[in-house]
Structures are given as C-alpha cells and as structure tokens.
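Those protein sequence lines, which keep their order, are chains R and H.
In this text, residue positions in the first sequence follow numbering that gives the first Met the number 0: the first is 0, and each later residue adds one.
In this text, residue positions in the second sequence follow numbering that gives the first Met the number 0: the first is 0, and each later residue adds one.
Keep in mind that the hints were calculated from the coordinates and are not lab data.
Where hints are given, some of them may not hold.
As the list makes no split between identical chains, a pair holds if one copy fits it or if it spans any two.
Stated by the list, open to error - Pairs of lysine-lysine, DSS-like flavour, derived with a Cα cap of 30 Å: (1) K233 - K485; (2) K273 - K461; (3) K485 - K182; (4) K77 - K489; (5) K182 - K489; (6) K77 - K60; (7) K408 - K493.
It should be emphasised that the depicted structure is a prediction, and the values quoted were computed from it without experimental measurement.
2 protein chains.
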Amino acid sequence: MLKLSSFAAAAASAPAIGESASSTGAGRPIPRWDYIELCFAGPSTGNPFIDVHLSATFHHKNRSLTVEGFYDGDGAYKIRFMPDDVGNWTWTTSSNAPELDSKSGAFECVQPGEGNRGPVSVRDDYHFGYADGTPYVECGTTCYAWAFQAPETQRQTIDTLSHSPFNKLRMCIFPKWYEYNRKEPPMYPFPRSGDVNDYSHFNPAYFQHHDALILELRRVGVQADLILFHPYDKWGYQSMPPEVNIRYLRYVIARFSAFRNVWWSLANEYDLLKAKTNTDWDSYARTLTEYDAFGQLRSIHYSHHQYEYWRAWCSHAGVQDSRMTLAASWRADWRKPVIFDECKYEGDIPSRWGNLSGDEMTRRFWEATAQGAYCGHGETYLVPDQILWWSHGGVLHGSSPAKIAFLRKLLEETIAVGPGPIGFTNFEESPMSARRSNNAVIFYYFDLHQPAQWTFDLPQGKIYSSEYIDTQALTRTPISGDHSGKVELKLPGKPWGSVWFREKGI
Amino acid sequence: MLKLSSFAAAAASAPAIGESASSTGAGRPIPRWDYIELCFAGPSTGNPFIDVHLSATFHHKNRSLTVEGFYDGDGAYKIRFMPDDVGNWTWTTSSNAPELDSKSGAFECVQPGEGNRGPVSVRDDYHFGYADGTPYVECGTTCYAWAFQAPETQRQTIDTLSHSPFNKLRMCIFPKWYEYNRKEPPMYPFPRSGDVNDYSHFNPAYFQHHDALILELRRVGVQADLILFHPYDKWGYQSMPPEVNIRYLRYVIARFSAFRNVWWSLANEYDLLKAKTNTDWDSYARTLTEYDAFGQLRSIHYSHHQYEYWRAWCSHAGVQDSRMTLAASWRADWRKPVIFDECKYEGDIPSRWGNLSGDEMTRRFWEATAQGAYCGHGETYLVPDQILWWSHGGVLHGSSPAKIAFLRKLLEETIAVGPGPIGFTNFEESPMSARRSNNAVIFYYFDLHQPAQWTFDLPQGKIYSSEYIDTQALTRTPISGDHSGKVELKLPGKPWGSVWFREKGI
Numbered sequence: 000m001l002k003l004s005s006f007a008a009a010a011a012s013a014p015a016i017g018e019s020a021s022s023t024g025a026g027r028p029i030p031r032w033d034y035i036e037l038c039f040a041g042p043s044t045g046n047p048f049i050d051v052h053l054s055a056t057f058h059h060k061n062r063s064l065t066v067e068g069f070y071d072g073d074g075a076y077k078i079r080f081m082p083d084d085v086g087n088w089t090w091t092t093s094s095n096a097p098e099l100d101s102k103s104g105a106f107e108c109v110q111p112g113e114g115n116r117g118p119v120s121v122r123d124d125y126h127f128g129y130a131d132g133t134p135y136v137e138c139g140t141t142c143y144a145w146a147f148q149a150p151e152t153q154r155q156t157i158d159t160l161s162h163s164p165f166n167k168l169r170m171c172i173f174p175k176w177y178e179y180n181r182k183e184p185p186m187y188p189f190p191r192s193g194d195v196n197d198y199s200h201f202n203p204a205y206f207q208h209h210d211a212l213i214l215e216l217r218r219v220g221v222q223a224d225l226i227l228f229h230p231y232d233k234w235g236y237q238s239m240p241p242e243v244n245i246r247y248l249r250y251v252i253a254r255f256s257a258f259r260n261v262w263w264s265l266a267n268e269y270d271l272l273k274a275k276t277n278t279d280w281d282s283y284a285r286t287l288t289e290y291d292a293f294g295q296l297r298s299i300h301y302s303h304h305q306y307e308y309w310r311a312w313c314s315h316a317g318v319q320d321s322r323m324t325l326a327a328s329w330r331a332d333w334r335k336p337v338i339f340d341e342c343k344y345e346g347d348i349p350s351r352w353g354n355l356s357g358d359e360m361t362r363r364f365w366e367a368t369a370q371g372a373y374c375g376h377g378e379t380y381l382v383p384d385q386i387l388w389w390s391h392g393g394v395l396h397g398s399s400p401a402k403i404a405f406l407r408k409l410l411e412e413t414i415a416v417g418p419g420p421i422g423f424t425n426f427e428e429s430p431m432s433a434r435r436s437n438n439a440v441i442f443y444y445f446d447l448h449q450p451a452q453w454t455f456d457l458p459q460g461k462i463y464s465s466e467y468i469d470t471q472a473l474t475r476t477p478i479s480g481d482h483s484g485k486v487e488l489k490l491p492g493k494p495w496g497s498v499w500f501r502e503k504g505i
Numbered sequence: 000m001l002k003l004s005s006f007a008a009a010a011a012s013a014p015a016i017g018e019s020a021s022s023t024g025a026g027r028p029i030p031r032w033d034y035i036e037l038c039f040a041g042p043s044t045g046n047p048f049i050d051v052h053l054s055a056t057f058h059h060k061n062r063s064l065t066v067e068g069f070y071d072g073d074g075a076y077k078i079r080f081m082p083d084d085v086g087n088w089t090w091t092t093s094s095n096a097p098e099l100d101s102k103s104g105a106f107e108c109v110q111p112g113e114g115n116r117g118p119v120s121v122r123d124d125y126h127f128g129y130a131d132g133t134p135y136v137e138c139g140t141t142c143y144a145w146a147f148q149a150p151e152t153q154r155q156t157i158d159t160l161s162h163s164p165f166n167k168l169r170m171c172i173f174p175k176w177y178e179y180n181r182k183e184p185p186m187y188p189f190p191r192s193g194d195v196n197d198y199s200h201f202n203p204a205y206f207q208h209h210d211a212l213i214l215e216l217r218r219v220g221v222q223a224d225l226i227l228f229h230p231y232d233k234w235g236y237q238s239m240p241p242e243v244n245i246r247y248l249r250y251v252i253a254r255f256s257a258f259r260n261v262w263w264s265l266a267n268e269y270d271l272l273k274a275k276t277n278t279d280w281d282s283y284a285r286t287l288t289e290y291d292a293f294g295q296l297r298s299i300h301y302s303h304h305q306y307e308y309w310r311a312w313c314s315h316a317g318v319q320d321s322r323m324t325l326a327a328s329w330r331a332d333w334r335k336p337v338i339f340d341e342c343k344y345e346g347d348i349p350s351r352w353g354n355l356s357g358d359e360m361t362r363r364f365w366e367a368t369a370q371g372a373y374c375g376h377g378e379t380y381l382v383p384d385q386i387l388w389w390s391h392g393g394v395l396h397g398s399s400p401a402k403i404a405f406l407r408k409l410l411e412e413t414i415a416v417g418p419g420p421i422g423f424t425n426f427e428e429s430p431m432s433a434r435r436s437n438n439a440v441i442f443y444y445f446d447l448h449q450p451a452q453w454t455f456d457l458p459q460g461k462i463y464s465s466e467y468i469d470t471q472a473l474t475r476t477p478i479s480g481d482h483s484g485k486v487e488l489k490l491p492g493k494p495w496g497s498v499w500f501r502e503k504g505i
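So that you can see chain R by itself, here it is in the shape it has in the complex (with noise of 0.2 Å):
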C-alpha cells in the first residue's frame, strides 16, 4: 500500500512506487477501508495512457467490483482498491496489454485501525454518516488551489485543518486561475509546450502529487471535496474535447476512488463554463456513476443557475447561495442532504462574496443547522503575505472557526442522526427550531431575535434538561428544572440565542 507520509516530497520527486501490494497477491493484509494498491510492469511504448486498458475484478463472498487501472508512467500500472468488509478477496485482471492481463491474486481485509471509520455516505435522508457507523457532522471549508502553493504553505494547510473543526475540504483538480490566483502552476496535469496541452498524455506526477494531498487530508480526518472542473481556467481545462474530459475522469477516478475520503465535485460554479453543455454534464455523471465502483458521495455547484438537484446521480446537494432560509423547503423537495458549500466567505476583500464577519459566517452555519442542512465556510483576508485561506490553505485568521467548532461540538455531543427540522422554517419565523428523529435532543435558534421570554413546545410524557446557549460568545447556561410539554422560559433579551433540550436519562 502506498503510503506517502510527506506529500511535499512526493510532489517534488519522480513517480514513486514505493511499497504495494505485490501482483501476485502476497503481501499484507489490508485494513477495511484503507486501499490495496497493485503495482504491475507493463509497456511503456506507444501511448499507455490511450492504448493499454487495464482493469481489475475484486471478489468477497457473492460480490464483485470491478476497477480500473491507471498508467503512472514509466511502465507502471497500478490498480487501487477499498476493501468494504473483512475477510478474503481475490482478484483478476483484464487487460488488452498480455502482460497486465489475467494476474490474480488475493489479500485479507482486516479490522481497521483507530481513526478509520470508514468512507461517508448518505444516512437518514438528510444527514451523513461514516461506514463504520459513526455520525459524521458535515463542516466544510475550502483552500481551492492549496495543491499548487509552496510546499511549506500546504504542510502549513495540513496542519491548521488538524486543529480545526473543518472535516471536509473542496480543493481544485485544475490549476486556478482568477484574483488573487494569477500564477503558474508548478505542474500541469497534462504535458504542456508553451500554450499547447498534449492531451493524449497524462502527467503522473501532477496526479501523484493529488494523492498525496488526499491522502494527508485522509490521515488528519477531513474528507476531499474534489472539483472536476471549474471556470477559473487560463489553461484550458474548462474546455477539453469531450473524448478528454471523459478519459480525465476515467483516470482520476482510477487514481483516487479508492481513498476512502474522497467525494466529487462535478464543478465549481458549473454554469460559468460554458462550453460544457447539460448533455456534457450529464456525460459526466454518468462516468462517475459507472466507473466508482465505491460510489463515493457525488454533486455539483453553480454559480447563478441552481443545478436540478433532485437528479439521482447526485447524492447531495452543494448549493452555492446565501439564502439559508431555503435550505428546509429544498430538503424537502429534493431528499437528500443539502450543504451550502458557499454562502460567502468570512472575510475583508472587495469582493462582495469575500468580506462576512466572523460573526454573520457563524451566524449562516447556524441558520443552515436549525433547518437541518450544512453549512461551507471560507476565509479570504486581505492578509500582509497575501495567503488567502480560500483558496491557498495555509493559516486562519477569521473568529468564525472557533464558532464554528463550538457548534460542532455541541451537535456531536447529542445528535447521533444529525437534526431534522420541526415542519417548515423561514425567514419570517423565529426561532428555527430542530430536533433529533427520536426528540432526544430539541433546540431552538433565535438567530437576531431577542425575546425576554419563550413558550417552548416539548413532547408530552418526556423530560428534558436545558441549557442557554450564546451562539456567538460562546457560553453555555443551564437552565435549572425540569421540563416537559409547554415550557416558559425567561430569556436573557439578547440575539444570537440558541435553547437545548436533551431528553433526561438516555
């Protein structure tokens, strides 16, 4: 298994092989969910990249999958597998190159180890979870282009996301190239001469360097949010032939399906690239939905035209907007989770998508939880090292993180489902409110309300205990007693307050 514990290095170094599981099926035995990696010698004339076709059927008990293989150049083919369950597998090439062809082998998946739960799929309509069971309260963030910052920059990256409360991360395939962006990257996903892409070629070690950050991202726990393709474009990645974008997607899923903290991006902001017709994006979706063979959690983001999110091949909506007050009435109509992957950044710049305060960025993910939906935040000050977290990683500066975790915290501490809205919110209503499927847990949000005093409606023949929550200073105040069924409670009059009730004794 490949294990590339410094990506700086392997970003700056030639393919590396490195330790794998051997072709002939001898080697270690692989944790459930982490990834056999199969090595295999095959021909490096001609255009591996095009000519050879590789695959791999894996089988346990009664199931097959079936994966593809990629080139990472210099001869080398390897196929990458998550094993779902333990016990034996066996596996089988196919090839159309007679030295790739018909190997087999075998390994055993194993118990997985502390901090592998497993890859994030949809639970509970709304709401996501790990595989192994655990909750996964979704708290996304971006750094866009961190994959084409200095090395020092993206260790930097790994290890603020590791102190952070954010658990996912979108991060470009592509180069950026837009404000704030306007430099070259150290690579290029494809062989480039002056201004012309050699697409029929693939650059392995720009891909190489992807699984490296992937795989960091795996080991400190934040899943990767990967974006397909994206309009920011000097290069033109936005507007490859159609045979490219398909064998592009091909290769990144062979490449990266297996990491078990991958989701897909179709697109940042689909609608801005404009030579990509609904046909194209459908032509994408389907490639996806074939060639996962681990249907990793899938979606698309838009900039002005709200993509049909009710469209099965996507298994959650990531909403670019502002106006969280929808997120209840989409839920509704689209069943599936819906995170606001951005709703504007906390931040100073001139641009009206990057100057929130900390306090409106906390106040969103608020406002996206009490309805039961996610909430993306993004940071873009206008630092002296010019560094801006949204899109280059590396610190943060904004208040709104440690808001953010102090929510997270509290979702985590009692909501094992995630919360689900009482009936329909909106923006004329106060509070929002929220609970648990099984009324364990019933907050109520009162956003920039600020009533000295509530009724609060709880399930009869249950008791709660409570507790006041500023959301923005951060204290938690129990509230003494008892309480069941309709509740007065006098209030402290202030906005930003937030009532908890947790069923006693379970």
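Given the coordinates of chain R, work out where chain H should sit on it, guided by the hints.
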C-alpha cells in the same frame, strides 16, 4: 380657531367649541396651512348626524374647494378648512337645514408662523416634502392605541416624541383589542349599550379627543398617520354595515382633513378584516379621494396579501414586510414612495414580530434608506409597567431611536430631495448605494459586509470630500483628500460601515 392645548382636558370634558371664526367671517387672520373652524348653531332634534347635510365652498382667486361640515354634538355644527395660499378667501355654506344654509363670510390667510411648513406631499416621485419646499425625511414609529391610555401616558408620549427622531406616528382611530391590549377604552366612537353599538350616532367626545391628539402631534412636528380600520377589534368596528363605514369615513374626513399633519392609512392589515371585500376597500378609497379636499397622503397596510400599490388612489406604499432588499424593485414597479411601515419591532416579547435587537432595527432603516425607501420603527419591550411603546406610547427603552436619529440627521444634512438608488440593488450585492439626484451626495452602505478596501466609482468632473460612518457605533470619521472618478479607499474592515461622498463647494 380651536386650540386645545391640553388634550387630556379635552378628553375628559364635554365638547369644547371654544374660540372660533364667527359665522360671518369677521374672524382673525388664518395662517397659511393652519385651519379655520366655522361654528354654527343648528338643529339638535332628530338625528343631526344623519338628517343634516352641511358643506361649505371656499373661494380664493380662481379656485374653489368644498368641504363637508360635521355635527359636534349639543347643537354645534362645524366646518374646518385649511387654506393653502395667502390672501383673501370667501366661503359659502350649503345645507338642507335652513339655519345652516347660505351662510357666507371671508377671512384673510397670512404667512405661516414658525414651525408651520404646511402639509407633506409626495416629492420627486419617491420622496416627500412639506408644502413650503422643505424636504420631509420620513421617519415613523407606532403608538397604535395611545389614544386610549391614561392621560399621563398620552402626555408622556407627546414629550417622548418631541425628543425623538420620529416625525410620523401610526395610530388607530378605533380602539384596539389584541395581545397587551385587553382593556375597554375610556370612550366609544358610537354610543354603546352593553354589546350594542348605535351606529346611527357618533360620540363627539370620542372624536374631539382625537382632534386634540392630532393637534398635539402637529404641535411637536409629527405627522398623524391615521389608521381608519383595523382587525384588532372586539366591539364590531371591523364589520360595520357598509353605509356606516362610509358615514364614518366622511365624518373623520370632515373632522381631521384640515389638520395639516394628517395622513390616511385605510387600514392596518386590511387583509385580516375578513368582513370586507376588495370592492369595499375600493369604496373607502373613493370616499377618501372624493371628500378630502386637501388631498392628504393616502395608503393602506397589509398582513399577508400585499396591496396593489400601483393603484392611483395610493399616494405611497405603506408595506408590512421584513424583506428590506425588495424596496428598490417595488419602488421601480410602483413609481411611488415606499415606506416599510412595519418591518417588525425592536423589543423582547415572545412574538416573532416584536423582538428585534436595536442593531437589527437600525440595520433595517439603513437598508431601506440605501434603496431610496423609508423604514418604520416600533418598540415592544416587556417593561414592568406593561406600557409598550408600539401600542401604548409612553417612553422609549430601546437603542435604535438614537441610531435612527443619527441616520435622519445625516440625511437631513445632506440630501435635499431624498436619496435615490443607483440602478438595482439586491441582497446579493454589497455595498448598496444611493445618491442625491444631482450627485451632490453619494453614499454607500456595506451592511454586514466588512471589506478592508473598496473602489468607489464617482462621477467624473466632480470633486468630493468623504467620511466613513459607523452606523452602529455612531462615529463619523473624515477621510482625507479630494476624490473624483475611481477612488480606492482603505476601510476599517468592520461591518455596518457607510461611506459618504459630498461634492465640495456646494
């Protein structure tokens, strides 16, 4: 002319005819936009409210205006008239009662005294001005049921208003039955026996009290936005017979329309008055336009179903909505001033419409202002004496009035004709910006956004001074330098900022 310097006395006493112009016209000169009250003795037998018709036509140069008179009890008939131009006016009465018919007289209208700027009307399509040309920066609040509170509370209300930024007060003609308003009024508008109203008679004392309240508001420079119908009723006034509604309207028009500070609001939450049809409302609107010879400002206020404010009888829109960002588009649609008469209230009561923070109330004023619209204040704090300003008047407890005063001062300092929006602004855009039509003043409001720098696009060929304003901390910080064209400024990187540019040398 009737002068009620103590409205508490008026409320308690029998009809006070007092000093008035004589029926022969040999009275004192009347200041422009003040009013003359003609007082005649007439029939007191039968039912003077229904049996006797009285009107008078006033002539000045080539104009004549006809107003209805009203019976004020005890055999006294009155006609009130507000002359709108200086010079000699003559008048002649018409009545089916011989002793009231064909009376005539004359008076001289002279220049107004200090503080008398005339009635307010629409100016520059979207704004307001006094008849003497002074801009009127609308800044309203509500004391819906102040007419029915203890006399000392009424005195306190006037005192509070006279020290507040508020220059318009929404108030009900009929008593109010609602949360925090569950008591009988000291008087009824119609004679009442048990639960039965005698709609064939008015109670003059009731309306004399309103005369006095309106004149007290006039004394302290506050427009009386009279709410003619409302649904918070237990006495039957929301569902009177059709002919009673019209008789009532003609009676209040005859009594109040000559007071220069009167505005008409056909209803509060008209759509909650279930006994009334759209045709009914049309008939009331027609009555206002036909019988109010002075053309005082007219609007109506809704709960859920927005009124069609494009209708010709409405001089302006008096909306109830919290979606402040729709102001600019409504303004453009209706081509009329837009006032958010109700966007919820500062306070801490457990009703969703009554627990905004002072900061949020202030923010709503700024958001309306930056779109060339107007906002309304109200206050609902659960104070120990249970006197809530929103309905009862009394004293103010909140933090927004001082902040609203700050905004009003800024506007009055600099904007002669009121601000108008630059193109279309919406929730997605920041900053909102507004400008005086001649570009002499341009201001930007950043709301919750906190950019640390911004490029402003000022008109070429004009030179501006500028200042940074913290709309919540109420600080004004001059920005050095002369500005023209594209101007990049450093900003504090905090929310709630506003930058004002003023053309130099004007």
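Results for each hint:
1. K233 - K485: between (61 Å within a copy, 28 Å between copies)
2. K273 - K461: neither (56 Å within a copy, 40 Å between copies)
3. K485 - K182: between (60 Å within a copy, 27 Å between copies)
4. K77 - K489: Result: close neither inside a copy nor across copies, 64 Å intra and 53 Å inter.
5. K182 - K489: Between copies, since 26 Å is at most 30 Å while 56 Å is not.
6. K77 - K60: within (24 Å within a copy, 101 Å between copies)
7. K408 - K493: Cα proximity of K408 and K493: in one copy and across copies (23 Å, 28 Å).
Violation of the numbered hints given earlier is confined to hints 2, 4; the remaining hints are satisfied by the structure.
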